[in-house]
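Asks: Residue-level listing of the chains:
Number of protein chains: 2
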Amino acid sequence: MTVLASADQLVAARTARSRYRSGSAEPTSGVAAGLTQANLIAVPADWAFETLLYTQRNPKPCPVLEVIEAGAVESALAPGSDIRTDIGRYRIWRDGELTEEVPDATAAWDEHPDLVAFLIGCSFTFETGLAQAGIPIRHQEIGRNVPMYRTNIDCTPAGRLRGEMVVSMRPIPAGRVADAVQISGRTPAVHGAPVHIGDPASLGIADLGRPDFGDAPDVRDGEIPVFWACGVTPQAAIMASRPPFAVTHAPGYMFITDVPDAEYIV
Amino acid sequence: MTVLASADQLVAARTARSRYRSGSAEPTSGVAAGLTQANLIAVPADWAFETLLYTQRNPKPCPVLEVIEAGAVESALAPGSDIRTDIGRYRIWRDGELTEEVPDATAAWDEHPDLVAFLIGCSFTFETGLAQAGIPIRHQEIGRNVPMYRTNIDCTPAGRLRGEMVVSMRPIPAGRVADAVQISGRTPAVHGAPVHIGDPASLGIADLGRPDFGDAPDVRDGEIPVFWACGVTPQAAIMASRPPFAVTHAPGYMFITDVPDAEYIV
Chain Z
70 MTVLASADQL
80 VAARTARSRY
90 RSGSAEPTSG
100 VAAGLTQANL
110 IAVPADWAFE
120 TLLYTQRNPK
130 PCPVLEVIEA
140 GAVESALAPG
150 SDIRTDIGRY
160 RIWRDGELTE
170 EVPDATAAWD
180 EHPDLVAFLI
190 GCSFTFETGL
200 AQAGIPIRHQ
210 EIGRNVPMYR
220 TNIDCTPAGR
230 LRGEMVVSMR
240 PIPAGRVADA
250 VQISGRTPAV
260 HGAPVHIGDP
270 ASLGIADLGR
280 PDFGDAPDVR
290 DGEIPVFWAC
300 GVTPQAAIMA
310 SRPPFAVTHA
320 PGYMFITDVP
330 DAEYIV
Chain P
70 MTVLASADQL
80 VAARTARSRY
90 RSGSAEPTSG
100 VAAGLTQANL
110 IAVPADWAFE
120 TLLYTQRNPK
130 PCPVLEVIEA
140 GAVESALAPG
150 SDIRTDIGRY
160 RIWRDGELTE
170 EVPDATAAWD
180 EHPDLVAFLI
190 GCSFTFETGL
200 AQAGIPIRHQ
210 EIGRNVPMYR
220 TNIDCTPAGR
230 LRGEMVVSMR
240 PIPAGRVADA
250 VQISGRTPAV
260 HGAPVHIGDP
270 ASLGIADLGR
280 PDFGDAPDVR
290 DGEIPVFWAC
300 GVTPQAAIMA
310 SRPPFAVTHA
320 PGYMFITDVP
330 DAEYIV
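Chains as they are written, first to last, in the working numbering: chain Z, 70 to 335; chain P, 70 to 335.
Excised from the complex, chain Z in its bound form (with noise of 0.2 Å):
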């Protein structure tokens, strides 16, 4: 489906880079509102193919929506944008090892040119159609990161790459969960429906208050933690698999791109 953006969101998106790109960062819940933001993962040309393997085997956590080659630095989902730089903050690893969060990475790009660029989708995605239909997201309400955790669940390996998925939570009043099911449902490209609903242990949650990345939930009376494969499982894969040298996002600070949410529902 060809949806188009707004001039307002294009404006909203393109000022959001901009801001970005000149040193300053914040969660990206609920920035420029209906266009599409995405996961980041970079690797050396030698893990490419095994890393668009992993996310072929792991849709759920892992739908690829662009991949920008060795030697190129602008996404096409965002004409204008540098991918070294747009986002507000990077993590840059070595042999596995979180080593550094910067604001711009464009000494990581200086120092591998060849690295090769995965833009996976994002389940803030699907915040929009939840909005829409009145379900509260609490984790912008309150002002936090979304929370997510490591599971114990294991992704089907590609290559040298493995690691368990890793998901996003948001709490949803009972009488809406049925709803939340059906509105991320339409939308397979950026993580579709629930993974798992309701009982964190069986996710080897021990405990939902201290999420792994993001911020702690606030779940209240009534409401069920419902569970969606996060893109931010590329990160635990690069824990678990050590490739020599990776550049991601930071979980919740997200790459912001001109594309309406809209385009990705089925």
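Calculated from the structure, these hints are not laboratory results. A portion of the hints provided could be inaccurate.
To be verified - Covered, in the sense of this in silico footprint (three residues per stretch, anywhere, with C-beta under 8 Å from a C-beta of chain Z), are these stretches of chain P:
hint, segment
1, 108 to 122
2, 125 to 139
3, 248 to 259
Just so you know, even glycine gets a beta-carbon here, dropped at the ideal spot from N, CA and C.
Based on the hints, put chain P in the right spot on chain Z.
Replies: Showing chain P alone in chain Z's frame:
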């Protein structure tokens, strides 16, 4: 979604694969009804990343269901299968030229043990849904192979790979065209909604009666030609891009899996 095949379906699929393994061949439209069929393209390992990238950039014609890595020959979608033998007719391509059509591709794998095989979704998957809705599948009714056409739509290139989109065509009664769009649109992982409805000329198709692959159509009064992106598109990429070696299925002679079509419904 996880959907289980019935025992009868599994017997039908295994019997068909076993028949093809023994050397027989038939167009597979309607065979092992309700189970997903797949297109094949296998390329040497040094073309694998570009091929996977080409499919990622052209998901409507090239939806990847599975990648069988170099050294492996069993499909996870059909336990016990052998991708070298379980298709009725294979095509062998050298430098972009079709040089042989054979009932067994074991010699090709012996010649190139590093072949990486891609199984790509097939429009036969949504034919099940069309038939259940009472929409006639003409080529099945008259015992022919579905007609397929090269078009003037360029796919997005990836590295050395480029080529035009190939489409399959089904004549649909004008009053059922919208139903056909909605039913096929529910399976975005297997070509999804049509790419074009009603005007062959604007796709660059000069004569609907002379398809580039498959058999001539039978379009009757009150029927509209409806075009879906087709998994033969990688064969057009082979012709245009001339990799040194490739193996594909012959159009219409698909790989039959054990996975229900319903698995791919959103």
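Asks: Failing hints, ascending?
Replies: none
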